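Colleague: Going down the list, the protein sequences come from chains A, B and C. Per the numbering used here, residue 1 is the first one in the first sequence, and the count goes up by one each step. Per the numbering used here, residue 502 is the first one in the second sequence, and the count goes up by one each step. Per the numbering used here, residue 808 is the first one in the third sequence, and the count goes up by one each step.
These aren't lab readings, by the way, just hints derived from the structure by calculation. Where hints are given, some of them may not hold.
Here are the computed distance ranges between Cβ atoms for each label pair [stated by the list, open to error]:
no.: 1; chain 1: A; residue 1: Glu184; chain 2: B; residue 2: Gly682; range: 54 to 62 angstroms
no.: 2; chain 1: B; residue 1: Gly682; chain 2: C; residue 2: Gly1006; range: 31 to 39 angstroms
no.: 3; chain 1: A; residue 1: Gly304; chain 2: C; residue 2: Gly956; range: 24 to 32 angstroms
no.: 4; chain 1: C; residue 1: Tyr1082; chain 2: A; residue 2: Leu238; range: 32 to 40 angstroms
no.: 5; chain 1: C; residue 1: Phe811; chain 2: A; residue 2: Leu453; range: 50 to 58 angstroms
no.: 6; chain 1: B; residue 1: Gly538; chain 2: C; residue 2: Gly946; range: 47 to 55 angstroms
no.: 7; chain 1: C; residue 1: Asp1010; chain 2: A; residue 2: Trp457; range: 47 to 55 angstroms
no.: 8; chain 1: A; residue 1: Ser142; chain 2: C; residue 2: Asp1010; range: 54 to 62 angstroms
no.: 9; chain 1: B; residue 1: Gly651; chain 2: C; residue 2: Phe1102; range: 21 to 29 angstroms
no.: 10; chain 1: C; residue 1: Arg953; chain 2: A; residue 2: Leu197; range: 23 to 31 angstroms
Facing chain C, according to a computed beta carbon distance under 10 angstroms, are these residues of chain A, among others [said to hold, decoys possible]:
no.: 11; residue: Leu55
no.: 12; residue: Val196
no.: 13; residue: Leu197
no.: 14; residue: Arg268
no.: 15; residue: Gly271
no.: 16; residue: Gly280
no.: 17; residue: Phe281
no.: 18; residue: Leu492
no.: 19; residue: Leu494
No experiment lies behind these values; they were computed from the predicted model shown. C-beta: ideal position from N, C-alpha, C; glycine also.
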Amino acid sequence: MATATAASVPVTRPVNWIGVLKDAVIIGLVTLALALPMVGFETTSSTTERGWPLLNTRFADVAAAVIAVFLGRLALNLVREGVRAPVAFMAWAVFALLLANLITETVPVWNEAVETLLVIGAFVVGFVATWRWLSPEGTTSSEVMDDVAAGLQRWNRVIAPIGLLLALAFPWLTGLYALATGGEFAISRNAVDLGVLLLTYVMLGWGLNIIVGLAGLLDLGYVAFYAVGAYSYALLALNFGWGFWACLPLAGVLAALAGIVLGFPVLRLHGDYFAIVTLGFGEIIRVVLTNWSSFTGGPNGLSGIPRPTFFGFPFERNPAEGETAFHQLFGLEFEGVHRVVFLYYLILLLALITNLFTMRIRRLPLGRAWEALREDEIACRSLGINPRNTKLTAFAVAAMFGGFAGSFFATRQGFVSPESFTFIESALILAIVVLGGMGSQLGIVLAAVLVILLPEWFRELDQYRMLAFGVGMVLIMVWRPRGLLAHRAPTLRLNSAGGGR
Amino acid sequence: MSGDLPAERGPTDPAAATWDRVPPLLTVEHLTMRFGGLTAVDDVSFIAGQREITAIIGPNGAGKTTVFNCLTGFYRPTAGRLSLERGDGTHYLLERMEGFRIAREARVARTFQNIRLFPQMSVLENLIVAQHNKLMLASGYTVLGLFGIGGYREAERAAVEKAKFWLDRVGLTARADWDAGNLPYGDQRRLEIARAMCTEPALLCLDEPAAGLNPRESLELNQLLLSIRDDDGVGVLLIEHDMSVVMGISDHVIVLDYGRKIADGTPVEVRNDPTVIRAYLGEEESDELPPEVAADLGIAPDAGTQ
Amino acid sequence: MENFVQQLINGTTLGAFFGLVAIGYTMVYGIIGMINFAHGDIYMIGSFTALIGMALAGATGLLGDTGGVILALLVVLALSMAFNAVYGWSVERIAYRPLRGSFRLAPLISAIGMSIALQNYVQLVQGARPRTIRPVIEGNIVLMTRSDGFTVVLSYLQIFIVLVTVALMAVFTLIITRTALGRAQRACEQDKTMAALLGVNVDRTISITFVMGAALAAVAGLMAVLYYGAIDFYDGFIIGVKAFTAAVLGGIGSLPGAMLGGLLIGLIEAFWSAYVSTEYKDVAVFSILVGVLIFRPTGLLGKPQIEKV
């Protein structure tokens, strides 16, 4: 039955069943070894009367994992051997069965988490088998992704303005949505708030992209600059009573200065060392924020940070004596949503500035030197480019945008504490950049939507979020080392019709 | 003597003592480079003349690339002096300068044995990056350029023109928009030379430019190097194993063996030097070369009379 | 004086423990030139495996109050080393091997992804709260007594930790310096292509390096369970950074360097906590890391590296 469907393979050779099975058994045994202690026994907080921790056993889950990995590996091995259509059909059948069972809960074999993983596994196997079955021989999936990424870039002229218009209209669209679904026109505070969150991460992603995607320096402590921006804003506003529009540029400058101070000694380290030192700096800043209580408020953070005003007109129901509130200025009823909408446009503006900067700098000698440094530092030195200063500018500029985002964060929350600036936050931003594709501005937006919005919509999946990011980062690197939608178009063309390869 | 300027060379200068050719461009005196216990370059002195092609040859491991790396600032020499004297009268002591300053100020450009292009950038962009410092100035160190103020547009157009000029010289105009990493090997070698030339060097150092080229490409390379010497007036220092290139185009040959200079002279002098022949053949007593080795060294049967 | 001696003892114990983890970093860096970011988490998984093993042994009475405790511990140790080795092997196969020779940032990002994944995997399967266990090896020797009643003690547990560490380090040093496997490892460090041409199975040698690193990390994991009595899924991060600092301080790629670096970091942390402040002890370690990387990137015992042009 195998050879009949393997006709699409140019050279039909018999399937090496023994090899395929042997490999799958070995991988199954490895899974057993991985799962037996960690999944098979769950430590608990309760103890026996002799003081030993009680263990719960979950051998059914171990069995599920082993069988699933064995079957999955077997299926993928068969796909590689040329047996594609039958594997695809079987995988989709298993997928359908498992999914039906998960939804209807007819046979509650395992807990939901394990069943969900099995469904995903069956989906992946089915997808790979179908893909290999239907795609022309010789094209790899990575090449197909290349074409997708290049296509996106080509359509950027259309996508970008439409996206911008949508972003501009978004708060009003939520109002229209309420109207269309039978209510009154009312801007949805929750939706706009989510938009603010999303745009903050888009901006952070674009900022980190300057240093990781353009200059090729893996900064694992980007959150440090976010923190410097947030605390600068908070301290300046609380201690000197300065307004948002005075604090914002200052916070950016302070973050850039922090970037220069930290960057100066470490920028001559390369690759791995640079990454771990930036990670260290991220942690140092957080530890200092936690422990320097007299200045930073310690673990409790700083609260009562002034909220942004509409160029001096506060968003308050009852403004202080002698002040005019925003709604009074425009003769509106007071509504809490005004401030949220204002914050939305503020972060949209900041994010757009970041994007505009990146797009322009790529066409300037400095941006080209960043990219050249990413490609080959030694060659850069031989061309008279000062590597240290060039990297330092990338570091400082990225830090500045991180600082802007941080001060926005401070004013939006009205409260900052060291808890918001952990390594996880850095990893999240890095995941956005990697997922989107290093250097791809549009890819980062899509990745931010995926990374920030999906977990918001599927709250119950929240506990799997970081696990999925970790696994996702590994898989994407294995599949497309420069990121999912990475595609680089030259910044300058000689022959307008010329191709990329 | 380290305080002396190259112009006031004393009698202790071994290379200068016998130098009677064109004005010197690069003067290497007593260059020594040690790595731990290993002496890669041992007291080497030589001169490379202006508007001349100078070849450094020698068996593998003779220290040729190390000399280049000292010259271009990648290594700091253990001892010795490297002075560059440009035609306009300016001189530089290279051993005291950082690598990127040597390229930027003294104007020494180089290529690498294992080609170092910017593979993900286009051919044209590679050549534009080479003009970084000039463009950086024109963009007001980015500040003005960001806001579109000043003459950056003009400067970029001029840079593109220069790039086009060199693309034409190396025959890559049609592939200007390719990613450099996708070029065939021979094209990559030529692009690297074009990129080095876009920095407007006074001295061009080429590390095995003919390696991996086919005979036709090798011939084209000879023409290109001769034209760089004659039309652009740039001095060329080259490391090469391909004797047809070395003997065909160089004005002056330096032979290194185990980090020491063993011969220095015109191609004809060098190829008849028994020390050189021994270095290539090993310690054999016979001065007679087997015909295939002679061919390898580029010695025609009538070489002695040439 | 008494306090000083006590910190010396505590620091040495801590140092043994950091040294074991540091060896994993240093061996992997030596052979493939990358920081195995997930190594701290491999250590953390080792500590959970050890805790589970001890809980099982305890529940079945093998770790009772009678003799045989050491024997049972050694069995648990051997088992956790074996299981953890499989984790080390799998991490290399999944996250690093496909990326050899890829874009330069790719293995690093993959390693960070692996670290995040392992951390959250353990959080999911073992819970987020710290897991505790009662002391297994109790009792100590009083070495000195100060007039105010402060006593300097050397616990049996500390003796056990240092002895096991020294024994295992001796075994591993022998393996690396005296066996064919060790030769293959050193050959791969120098030149992978050449080693492959000469018949060294490079892939297998790299796998074995990860397996050895993970096994030693499991030993450290068991010691953490014994010494602190509490572990959680986030431990790998900070211990990993400290052990990496130890490896860098000693000279990355050098096995004796990792041991020396571990000892120094252990002592520094003990004395810093005792005499300066406990809040900033992590900052102290990070500062050492940064300082060493900037001023002496080759560490104390590392070989100087020549930049290849």
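Colleague: Each hint needs a verdict: does it hold in this structure or not?
Modeller: Hints, one by one, checked against the model:
Between Glu184 (chain A) and Gly682 (chain B) the CB atoms are about 59 angstroms apart, so this pair conforms to the stated range of 54 to 62 angstroms. Checking the proposed 31 to 39 angstroms range against Gly682 (chain B) and Gly1006 (chain C) shows it holds: the Cβ atoms sit about 33 angstroms from each other. For the pair Gly304 (chain A) and Gly956 (chain C), the beta carbons lie near 48 angstroms from each other, so the given range of 24 to 32 angstroms is not met. Separated by about 35 angstroms at the C-beta atoms, Tyr1082 (chain C) and Leu238 (chain A) satisfy the suggested range of 32 to 40 angstroms.
A C-beta distance of roughly 57 angstroms is found between Phe811 (chain C) and Leu453 (chain A), which places it inside the suggested range of 50 to 58 angstroms. A hinted range of 47 to 55 angstroms for the beta carbons of Gly538 (chain B) and Gly946 (chain C) is consistent with their spacing of about 53 angstroms. Between Asp1010 (chain C) and Trp457 (chain A) the Cβ separation comes to about 42 angstroms, which falls outside the hinted range of 47 to 55 angstroms. In this structure the hint that Ser142 (chain A) and Asp1010 (chain C) lie 54 to 62 angstroms apart at CB is violated, the actual value being about 22 angstroms.
For Gly651 (chain B) and Phe1102 (chain C), the hinted distance range of 21 to 29 angstroms is not satisfied, since their beta carbons lie about 41 angstroms from each other. Hint check: Arg953 (chain C) to Leu197 (chain A), Cβ distance near 57 angstroms, so the stated range 23 to 31 angstroms is violated. Residue-level restraint check for Leu55 (chain A) holds (minimum Cβ-Cβ distance to chain C is 5 angstroms; threshold 10 angstroms). Here the hint on Val196 (chain A) is broken, as its CB sits about 26 angstroms from the closest CB of chain C, past 10 angstroms.
Residue-level restraint check for Leu197 (chain A) is violated (minimum Cβ-Cβ distance to chain C is 21 angstroms; threshold 10 angstroms). Look at Arg268 (chain A): its Cβ gets to within about 8 angstroms of chain C, closer than 10 angstroms, so that hint holds up. The interface hint given for Gly271 (chain A) holds, since its Cβ lies 6 angstroms from the closest Cβ of chain C, which is under the 10 angstroms cut-off. The beta carbon of Gly280 (chain A) comes within 4 angstroms of a beta carbon in chain C, closer than 10 angstroms, and the hint placing it at the interface holds.
For Phe281 (chain A), the interface hint holds, the least distance from its beta-carbon to any beta-carbon of chain C being 8 angstroms, beneath 10 angstroms. About 23 angstroms separates the beta-carbon of Leu492 (chain A) from the nearest beta-carbon of chain C, more than 10 angstroms, and the hint is not met. With 10 angstroms as the threshold, the beta carbon of Leu494 (chain A) stays out of range of chain C, its nearest partner Cβ sitting at about 27 angstroms, so the hint is violated.
Violation of the numbered hints given earlier is confined to hints 3, 7, 8, 9, 10, 12, 13, 18 and 19; the remaining hints are satisfied by the structure.
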